[in-house]
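Trainee: Knowing the structure of chain X, use the given hints to seat chain R on it.
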Amino acid sequence: MQNDHEFYVGYLSKAPGGIAVLARRAVIGLGLLTVLVALVLVFAQQRFAASFFEFGNVREFQGIVREWPVPLLVSGSTSKALVAEGKHGASSLVAGMDGLSIALRGTLIHRDGLEMIEVAENSVRVLGEADRNVSAIENLGTHTLVGEIVDSKCYLGVMNPGHTKPHRECAALCIRGGIPPLFVARDAANHSIHLWLMSETGQPVNQQVLDFVAEPMEITGQVSRIGDQMYFNASLAAYKRLP
Amino acid sequence: MSHVYTSVGWNRQKKIYDSTLAVGIAVYLGLFVGIGSVVHPNATIETLLIRGFGTCALLMLHIILSIGPLCRLVPRLLPLLYNRRHFGVMMFLMALAHGAFSLIQFHALGELNPLVSVLVSNCRYDSLRNFPFQPLGLVALLILFLMAATSHDFWLANLTAPIWKRLHMLVYVAYGLIVAHVVLGVLQSETNPLLAVTLGVGMVVVLGLHLLAAWRERALDAPSDATSSADGFVDVCAVEEIKLNCAKIVTLGGERVAVFKYDGKVSALSNVCQHQNGPLGEGRIIDGCVTCPWHGYQYLPDSGASPPPFAEKVPTFNVKIVNGRVLVDPKPNAPGTRVEPAKF
Numbered sequence: 001m002q003n004d005h006e007f008y009v010g011y012l013s014k015a016p017g018g019i020a021v022l023a024r025r026a027v028i029g030l031g032l033l034t035v036l037v038a039l040v041l042v043f044a045q046q047r048f049a050a051s052f053f054e055f056g057n058v059r060e061f062q063g064i065v066r067e068w069p070v071p072l073l074v075s076g077s078t079s080k081a082l083v084a085e086g087k088h089g090a091s092s093l094v095a096g097m098d099g100l101s102i103a104l105r106g107t108l109i110h111r112d113g114l115e116m117i118e119v120a121e122n123s124v125r126v127l128g129e130a131d132r133n134v135s136a137i138e139n140l141g142t143h144t145l146v147g148e149i150v151d152s153k154c155y156l157g158v159m160n161p162g163h164t165k166p167h168r169e170c171a172a173l174c175i176r177g178g179i180p181p182l183f184v185a186r187d188a189a190n191h192s193i194h195l196w197l198m199s200e201t202g203q204p205v206n207q208q209v210l211d212f213v214a215e216p217m218e219i220t221g222q223v224s225r226i227g228d229q230m231y232f233n234a235s236l237a238a239y240k241r242l243p
Numbered sequence: 001m002s003h004v005y006t007s008v009g010w011n012r013q014k015k016i017y018d019s020t021l022a023v024g025i026a027v028y029l030g031l032f033v034g035i036g037s038v039v040h041p042n043a044t045i046e047t048l049l050i051r052g053f054g055t056c057a058l059l060m061l062h063i064i065l066s067i068g069p070l071c072r073l074v075p076r077l078l079p080l081l082y083n084r085r086h087f088g089v090m091m092f093l094m095a096l097a098h099g100a101f102s103l104i105q106f107h108a109l110g111e112l113n114p115l116v117s118v119l120v121s122n123c124r125y126d127s128l129r130n131f132p133f134q135p136l137g138l139v140a141l142l143i144l145f146l147m148a149a150t151s152h153d154f155w156l157a158n159l160t161a162p163i164w165k166r167l168h169m170l171v172y173v174a175y176g177l178i179v180a181h182v183v184l185g186v187l188q189s190e191t192n193p194l195l196a197v198t199l200g201v202g203m204v205v206v207l208g209l210h211l212l213a214a215w216r217e218r219a220l221d222a223p224s225d226a227t228s229s230a231d232g233f234v235d236v237c238a239v240e241e242i243k244l245n246c247a248k249i250v251t252l253g254g255e256r257v258a259v260f261k262y263d264g265k266v267s268a269l270s271n272v273c274q275h276q277n278g279p280l281g282e283g284r285i286i287d288g289c290v291t292c293p294w295h296g297y298q299y300l301p302d303s304g305a306s307p308p309p310f311a312e313k314v315p316t317f318n319v320k321i322v323n324g325r326v327l328v329d330p331k332p333n334a335p336g337t338r339v340e341p342a343k344f
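Protein chains in written order, with our numbering: chain X, 1 to 243; chain R, 1 to 344.
So that you can see chain X by itself, here it is in the shape it has in the complex (with noise of 0.2 Å):
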C-alpha cells in the first residue's frame, strides 16, 4: 500500500490511493477515539444531587409570609423560602408583608427536604392578617461546623451542580443579589446539615460571605431552629478557610 511516489494535493479532486487509505484509517481511528472520550467522560462524572426547580410549572402557594430571618412562605408546620426570578432575593417583594396571609404564584425548588419558591413577578396578593406573633426560637446551642457557603436558589435545584468551585462565581453573583446564603455543613458521616447563614445578630450577611462562598469553610456560631428551619448566627471573625 505504501507508495513514496504519491503526493497529495487537497484541491485535486481524488487523494492517492494508499494516501486515501491512510487518511481513512486516520479518521476511523479519530472517530473510536472521540467515542471513548465521550463516554469515559460521561461516566467519569460524579453523581449529580436529587434537586430539582420545576421549571415551566407555575403554580399557586398561599401561607403567611415571614421576612425574617429570611423570607418564608410559612404553611401549617411546613416553610418554604422564598427567592425572586433571576439572581435576586425575594426581601423586595414581601417587604412589609410579616404576618400577612398572602398568595403567591410561583415555581418550586427542592432538595433534602428543603423546599423555595421563586417568586413570578407581580404575583404577590394580601389575602388578610393572620399572625404577627413570631414563632419561638429554640436555641441549640454553640457549635462549631464544617462546610459550605452555597447560594440557597442554585444548590436547591435551579442549577445542579450548585456548588463548589465551578459554580463560585454564580453562587456569589446570587447571594450578592439577596438571595440567602445557606451553610451547608457535613458531618463526620457526610450527612449535611442545612443552616441559614445570619450574622452574631441575626441579621442578613450577604455582602460579607461573597469572598467566602463555594470554599471549605469552618464557623463556630450559635444554632438555632425557628419552625422547621435552621440558623446559624455567626461573627465574621469565627469563620476559618479550611486547606
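Quick caveat, the hints were computed from the structure, so don't treat them as lab data. Some clues are possibly wrong.
What the hints assert, rightly or not - Sample of chain R residues with no beta-carbon within 12 Å of chain X, all distances over it, derived:
#1 G52
#2 R72
#3 T160
#4 A161
#5 V171
#6 G176
#7 V179
#8 W294
#9 K331
Stated by the list, open to error - Heads up, simulated DSSO-like pairs for lysine-lysine below, C-alpha to C-alpha not over 30 Å straight-line:
#10 K165(R) <-> K14(X)
#11 K14(X) <-> K243(R)
#12 K14(X) <-> K313(R)
#13 K14(X) <-> K331(R)
#14 K265(R) <-> K331(R)
Idealized CB from N, CA, C, for every residue including glycine.
Mentor: Chain R only, in chain X's frame:
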C-alpha cells in the same frame, strides 16, 4: 490556491473534510448529552450542554495541535492538515457555545453586567485552589476568536505570513490557559481520577508529538559540514542524491533551502511557502511547478514566483553543478528573481 478571495474555496476534499468533522461533532455531542442524560437523570440540560461543548472543544483542540507534528512525522497523513483551519474554526464555535451558555447560566440576570461578573465574582488570586478559573477561559476564548476571525487567506495576505503565523502560534497560549481553566475549575469538583488522567494523556500526546517532531527537525538544522568554494557557493550534495521531481533540504546561513531536481535541471529556492510557511522542500514538481505539500501552492522552480495570475513569490538561490556536485550560493535573491537552473 486562488488569486481571488472567496469566503470558502470549496472543493471535494474540503467538503469531505468538513462533513467528517460535522459528523464527529454530532456523534460526540449526541453521546455526551444523550447518554449523559440517561446516566445522570438529575443533571440539568444546561449543565450537560456546557460540559458537552467544552469537552468537545478541548478534544478538538488536542487533535488540532497533534495534526501538525503528526504530519511532520508521517507526511502521508497530510490530508488531515489540508483543511485544519476549518477544524480550528469549528473548535472555536464549540468553545464559544461553551462560553456563551456558561455566561448565561452563571452570570446573567444578576446585579452585575455578565462580563463584569466573570471578572469580579471571584477575586481569590491569592489562592491556587480557589484561583478564578473563568477569566482564564475568557482570555483563551478571545485568542481563539482572533485566530478564527483571521483564519481566511485574506488576513494571511494582508497581515503577511510571519505576523499571521505569530498570531496563530498564540494557540499554544490558549491551550495552556484552557488546561489551567479545566484543572482549576471543574477538576476541583469532579475528582474522579479518570478525568485528570484523560486530560494528562492528551497533554502528553500533544507535548510528546511536538518534542518528537522537533527532535527529528533538529537534525535538519544542524550545522552543515559542507565546504564552501572561493566564490561562496556551498557544496550541498551530489546530483544523484536528489530524487527526480523532489528536493533535498539543506540549511545554509541558518535558512532552509529546497534544492529541486527536474527535467535535467537543478534549482534552489526558499523552503518556506509564502502561504502558511509550509515546507516546500517536502513538496513535488507537478506540472513544472514546485507544489507545497500543505495546501498545494505552486511556484516556478527557476523564479520562485507562482505562475500567473497568482502573485506569491519566494526567494531563489544561485546554483551550479560542478563534477556532479550541486553547489548553492547561500545568499538569497529577492523573492521572484529568476535564476538560470543548473543543468546536468
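Trainee: Indicate, hint by hint, whether the structure satisfies it.
Mentor: Consistency of the hints with the structure:
G52(R), annotated as away from the interface, has a beta carbon of chain X within 12 Å; the closest lies near 9 Å. Distance check for R72(R) against chain X: the nearest CB is about 15 Å away, which clears 12 Å, and the non-interface claim stands. No Cβ of chain X approaches the Cβ of T160(R) within 12 Å, the least distance being about 23 Å, so the stated non-interface status holds. The claim that A161(R) lies off the interface holds: its Cβ sits roughly 18 Å from the closest Cβ of chain X, which is beyond the 12 Å cut-off.
Under the 12 Å C-beta cut-off, the non-interface status given to V171(R) relative to chain X holds; the minimum distance is some 19 Å. Its beta-carbon lying about 20 Å from the closest one in chain X, G176(R) satisfies the requirement of being farther than 12 Å from that chain. No beta-carbon of chain X is positioned within 12 Å of the beta-carbon of V179(R); the least distance is around 16 Å. The beta carbon of W294(R) sits about 8 Å from the closest Cβ of chain X, which is not more than 12 Å, so the claim that it is off the interface is violated.
Every beta carbon of chain X lies more than 12 Å from that of K331(R), the smallest distance being close to 30 Å; the non-interface claim holds. Straight-line distance between C-alpha atoms of K165(R) and K14(X) comes to about 29 Å, which keeps the hinted pair within the 30 Å bound. Of the supplied pair hints, the one linking K14(X) and K243(R) holds, its CA atoms being roughly 24 Å apart against a limit of 30 Å. For a cut-off of 30 Å, the pair hint linking K14(X) to K313(R) stands: about 27 Å separates their Cα positions.
In summary, the hint linking K14(X) to K331(R) is not supported, as the alpha carbons are separated by about 39 Å, beyond the 30 Å threshold. Proximity of K265(R) to K331(R) is assessed by CA-CA distance (about 20 Å); at most 30 Å being required, the pair is judged to hold.
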